[in-house]
Amino acid sequence: MPNKKNSVREPTGYRSKLRERLIREKIGVWSVVKVVRGNSIYEGVVLPRSEHTAEDYLVVKVDTGYNIGVKITDECKITEIGYQKGDYHLPEIDVKTKKELPNVSLLGTGGTVASRLDYRTGSVLPAFTPEELFSAVPELMNICNLTPKKIYSILSENFKPEYWVKTAEAILQEFHNGASGVIIGHGTDTMAFTASALSFFFKDLAAPIVIVGSQRSSDRPSSDGPMNIINASTIAGYADLAEVVVCMHGNTSDTYNLIHRGTRVRKMHSSRRDAFKTLSDIPLGMIDSKQNIMFFKTDIKQRGNTEDTYLDAKIDPKVAILYSYPGCNPDILNSIIDLGYHGVVILGTGLGHVPSDFFPGLERAQEQEIPVVIVVEPLFGYTNLRVYETGRDMLALGVIEGDNMLPSAAYAKLIWTLGHTRNITEVKEIMTTNIAGEITDRELNSGYLIMQGIEENISEITTTLDPNPKEHYWGEQVHKTEE
Amino acid sequence: MLDPETISFEEIGFRAGLEVHHQIQSKRKLFCNCKPELRTETPDYMFERRFRPVLGEMGDFDEGMLIEYEKGYRVIYHAYTECTCLYEQDEQPPFWPDLEAIYAGYQLAHWLNCSALVDVGIVARKQYLDGSITTGFQRTLIVARDGWVEVNGKRVRISNLTVEEDAARKLKTENFGRTVYYNLDRLGIPLVEVITDHLDCTNPTDLKKLGEIIGLTLRLSGIGRTGIGSVRQDVNISIKGGDRVEIKGVQDLSMFDTLARHEIVRQDMLIQIAGILKERGFEKSHLEHTYYEITEEFPSDSIPKGLSVMAIRLPKFKGILGLEIQPGKDFGQDVFEKASLISGILVEHMYHSDELSDNAQRRRNKKLPFLFPLIDKSLDGKICDVLDITERDAYCVAMGKNSWTIHAMKKIIERLKYALDGVPQETRRLLPNGNSEFLRVIHGKDRLYPDTDTPALDLELQRIQSLKSKVGKRPWELEKEFSEKYGLKFNQLQNLVHENRLDDFLILIKDYNIKPIIAYSYLTETLKHLRRKGVNTSDMGVEEIKIVIQQGLKKKNNIYDFAAQKYLEPKKV
Numbered sequence: 001m002p003n004k005k006n007s008v009r010e011p012t013g014y015r016s017k018l019r020e021r022l023i024r025e026k027i028g029v030w031s032v033v034k035v036v037r038g039n040s041i042y043e044g045v046v047l048p049r050s051e052h053t054a055e056d057y058l059v060v061k062v063d064t065g066y067n068i069g070v071k072i073t074d075e076c077k078i079t080e081i082g083y084q085k086g087d088y089h090l091p092e093i094d095v096k097t098k099k100e101l102p103n104v105s106l107l108g109t110g111g112t113v114a115s116r117l118d119y120r121t122g123s124v125l126p127a128f129t130p131e132e133l134f135s136a137v138p139e140l141m142n143i144c145n146l147t148p149k150k151i152y153s154i155l156s157e158n159f160k161p162e163y164w165v166k167t168a169e170a171i172l173q174e175f176h177n178g179a180s181g182v183i184i185g186h187g188t189d190t191m192a193f194t195a196s197a198l199s200f201f202f203k204d205l206a207a208p209i210v211i212v213g214s215q216r217s218s219d220r221p222s223s224d225g226p227m228n229i230i231n232a233s234t235i236a237g238y239a240d241l242a243e244v245v246v247c248m249h250g251n252t253s254d255t256y257n258l259i260h261r262g263t264r265v266r267k268m269h270s271s272r273r274d275a276f277k278t279l280s281d282i283p284l285g286m287i288d289s290k291q292n293i294m295f296f297k298t299d300i301k302q303r304g305n306t307e308d309t310y311l312d313a314k315i316d317p318k319v320a321i322l323y324s325y326p327g328c329n330p331d332i333l334n335s336i337i338d339l340g341y342h343g344v345v346i347l348g349t350g351l352g353h354v355p356s357d358f359f360p361g362l363e364r365a366q367e368q369e370i371p372v373v374i375v376v377e378p379l380f381g382y383t384n385l386r387v388y389e390t391g392r393d394m395l396a397l398g399v400i401e402g403d404n405m406l407p408s409a410a411y412a413k414l415i416w417t418l419g420h421t422r423n424i425t426e427v428k429e430i431m432t433t434n435i436a437g438e439i440t441d442r443e444l445n446s447g448y449l450i451m452q453g454i455e456e457n458i459s460e461i462t463t464t465l466d467p468n469p470k471e472h473y474w475g476e477q478v479h480k481t482e483e
Numbered sequence: 001m002l003d004p005e006t007i008s009f010e011e012i013g014f015r016a017g018l019e020v021h022h023q024i025q026s027k028r029k030l031f032c033n034c035k036p037e038l039r040t041e042t043p044d045y046m047f048e049r050r051f052r053p054v055l056g057e058m059g060d061f062d063e064g065m066l067i068e069y070e071k072g073y074r075v076i077y078h079a080y081t082e083c084t085c086l087y088e089q090d091e092q093p094p095f096w097p098d099l100e101a102i103y104a105g106y107q108l109a110h111w112l113n114c115s116a117l118v119d120v121g122i123v124a125r126k127q128y129l130d131g132s133i134t135t136g137f138q139r140t141l142i143v144a145r146d147g148w149v150e151v152n153g154k155r156v157r158i159s160n161l162t163v164e165e166d167a168a169r170k171l172k173t174e175n176f177g178r179t180v181y182y183n184l185d186r187l188g189i190p191l192v193e194v195i196t197d198h199l200d201c202t203n204p205t206d207l208k209k210l211g212e213i214i215g216l217t218l219r220l221s222g223i224g225r226t227g228i229g230s231v232r233q234d235v236n237i238s239i240k241g242g243d244r245v246e247i248k249g250v251q252d253l254s255m256f257d258t259l260a261r262h263e264i265v266r267q268d269m270l271i272q273i274a275g276i277l278k279e280r281g282f283e284k285s286h287l288e289h290t291y292y293e294i295t296e297e298f299p300s301d302s303i304p305k306g307l308s309v310m311a312i313r314l315p316k317f318k319g320i321l322g323l324e325i326q327p328g329k330d331f332g333q334d335v336f337e338k339a340s341l342i343s344g345i346l347v348e349h350m351y352h353s354d355e356l357s358d359n360a361q362r363r364r365n366k367k368l369p370f371l372f373p374l375i376d377k378s379l380d381g382k383i384c385d386v387l388d389i390t391e392r393d394a395y396c397v398a399m400g401k402n403s404w405t406i407h408a409m410k411k412i413i414e415r416l417k418y419a420l421d422g423v424p425q426e427t428r429r430l431l432p433n434g435n436s437e438f439l440r441v442i443h444g445k446d447r448l449y450p451d452t453d454t455p456a457l458d459l460e461l462q463r464i465q466s467l468k469s470k471v472g473k474r475p476w477e478l479e480k481e482f483s484e485k486y487g488l489k490f491n492q493l494q495n496l497v498h499e500n501r502l503d504d505f506l507i508l509i510k511d512y513n514i515k516p517i518i519a520y521s522y523l524t525e526t527l528k529h530l531r532r533k534g535v536n537t538s539d540m541g542v543e544e545i546k547i548v549i550q551q552g553l554k555k556k557n558n559i560y561d562f563a564a565q566k567y568l569e570p571k572k573v
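Going line by line, the protein sequences match chains A and B. Position 5 (the first sequence) corresponds to 5 in the working numbering; numbering is contiguous. Position 345 (the second sequence) corresponds to 345 in the working numbering; numbering is contiguous.
Hints were generated in silico from the structure; no laboratory data involved. Don't take each hint at face value.
Quick list of in silico lysine-lysine cross-link-like pairs, DSBU-like style, CA-CA up to 35 Å [what the hints assert, rightly or not]:
(1) B:K468 / A:K470
(2) B:K468 / A:K17
(3) A:K96 / B:K401
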């Protein structure tokens, strides 16, 4: 234990009276203290306190490992009897480059592929060092030479279109440095938006860009992150694929991941591992627990020469998304126009309709040449504004039919398009032309097989286990002897 | 080996304590709204997972957790629509905890005289990588410390009282124990864990009584759920010079005596072994991680295809692995059981050089393990040559898939190095004959870290205090009252409580002046007999019972016959 004089005591997270008292008594976080309250005695390490909780509690970690909150009253006696700083780190691992393995870069943007506890708020914060990654997931060392780099450390809900551009620039740099593939570690909330944007930004993409995250944070033994990153590394290093894809769990088991096209993927559940689904189509492929890759689609762009890849990431982020709903006030659309937005994506009900009291607003947008792109609120299926009168009126007011673009894809695409032109005819032309799989020319029955849990034979599906599970893994030494 | 039957507990320095896990009576599970019910039919759905250790809050991997990870389990869950939801599936964050269950924990704390009640509920995560909990950690909440109960006139300290979620039920294992099946129904049912100081019981009789006292407290307080599997006990045992060993999941209190004796002889023998090794000048560095592949030494075709045999040299170990450590089991077995659990190599596929002797424990059984008929004197000589075995040395052999075998060898060496230190801290599983086998390294504090999904619970301090008024007479107080006032024994008190007839008993003797032994035998034996004959006794109130007893006393002076006649042949009365 360090000498008391040499280490400063800071009662991190403690407030008001208790904080003053701790400072007065020279007790801080990591002090080993003895708290006497009436007949009770607590001995343990003072932990940082969450700023959002009651202010008169001291939290100590007692010898059994439990954390105990003690209400500190004037009668309590607190004495420092030692100091023991907690140090969150994983054992360092000496990582050697192996010539026979592909080079893959992992660009971290935050999120929970890797994360650690934050004592201040009591929640989970992203952590991202090569050491952490490799000691937590040693299998990675046998798949590829993985170079992790942190480009941001932000939660995905705080992402902005500008970050898509910076991310794209960082990716291009990695390709120029010889990466066989790039993985983006991303928070899952807005992962699909980034996937769409990157799909539009890259021209003649020659290698995979795999976006990955975890729905259970990596500070949990049950995290889906390790398998997701192992599978993403395999795709980035080996798959004959040159698209932006999302690689996340395919079902609730740790048995396979799905490979989703960036413009067709959507987060469809707030918390499940298998939240990510391809909408109105089937996924590009899957990767099983032994890292075998199988493709289901035949229109997959194959690897090429990375020197041909270039970035076209001009954007205009002044775009809004509007949701059409019963009672939706046209003021919202008018405000968007008044605020000087350059484009609007509207999730229209059914085939893409908005209430008819929106028409004056749409007319204003038309006059000011602000593109209004319609996608469907049902998420599956195409817009069609020729079936009903409302739709025909909307077309007459100049709205652009987004076909079966997902809202996230339409939003990213409009931002990207407006970065190139504000000419309404050109915008319309680009928005209605398929660029990166965001619009398909047909939808198959298999693109909408949403099970409801009552189908006959469903138990066959829900009770089927991995027929060929991966054998257990003890680390590198064992892996070598098997080869 | 000591004779288990003639141990002097005082001389050997026996110390023991309990960790009692008892389910709480509740309407819902602790962190979700599923019913706390068990299921046995075919599962509605299944899924599978794998687990990895994570860092403890102080920045360390828990050693026990790393060993758990080495086992590399593939975990398969059986799930039921009726009593499991996405929470048990670890597919969503917890709902707000069932505060009723948590307050029940505080109420129990009052019953157990805890002086330190925790003011703010902090949910912690306790890692389990065996798959028994889908998250990989059990959500647990300490509610009180520093209590006591009285056992045979002595105070036994209660060090901790926690409220936590129960784990899933293990169904079976496959693939040499590498694939584990669990039923998810039990996961999340609230339970209290009462931890007694593991130094306070000095003999098995007290230990058993302690279990009974705690069990009775849960019944009397109305906090405990009843039914099969609602209580499980872990027993902590140490002896002088030994260390704390936890014997896990004991459901039957009557096993305490045997298991305590068998653990004592084991620890005593491990201490003796450490002494012998020291005498022989053995040092840990003498054991080297050098594994010899000796498949070729075996007759061709005797070893199944794809498997290999490996051997390790154990300097200065001659005779040690053959020492009997628990009745019918030698030290070698104890080591093999641990290596087997972690690596997946069967104990039957391991062999040590002391087993060449006709006297070897496993040779006394009629069924000889696989390697035994193959290793004769001449092969033994060859192996000794390969490994350079001298007179004082021993060796171990294991057969299996190459990588698994290496792993087993590694574990054997690590365990034997520890032999010099005596008794390793372990969690062990009780076997039906009272022996035990390795389950895991004892879990340390590094496996605990705060739950980030549930903010600290600000509980109502007034309500916690007011729960004290609900505390009734404790079991040891009742025990005294029963023996002094009514001439009844502790087990008779237990019977009344288990029949839910304690209150009726007290009314009968206090308000109606019925003799205690008559009231007792009617409420327990007579009612039980009537129930067996098909009479619904649960609706019988104290008034009805009083009348039957009084009439029986008057008419025949044989209450049992009278009651039988009244309920079974009502027309005759």
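Going down the list of hints, with the structure as the test:
About 54 Å separates the Cα atoms of K468 (chain B) and K470 (chain A), which puts this hinted pair outside 35 Å; it is violated. Taking the CA atoms of K468 (chain B) and K17 (chain A), the gap is near 31 Å; set against the 35 Å cutoff, the hint holds. Between K96 (chain A) and K401 (chain B) the CA atoms are separated by roughly 28 Å; this keeps the pair inside 35 Å, and the hint holds.
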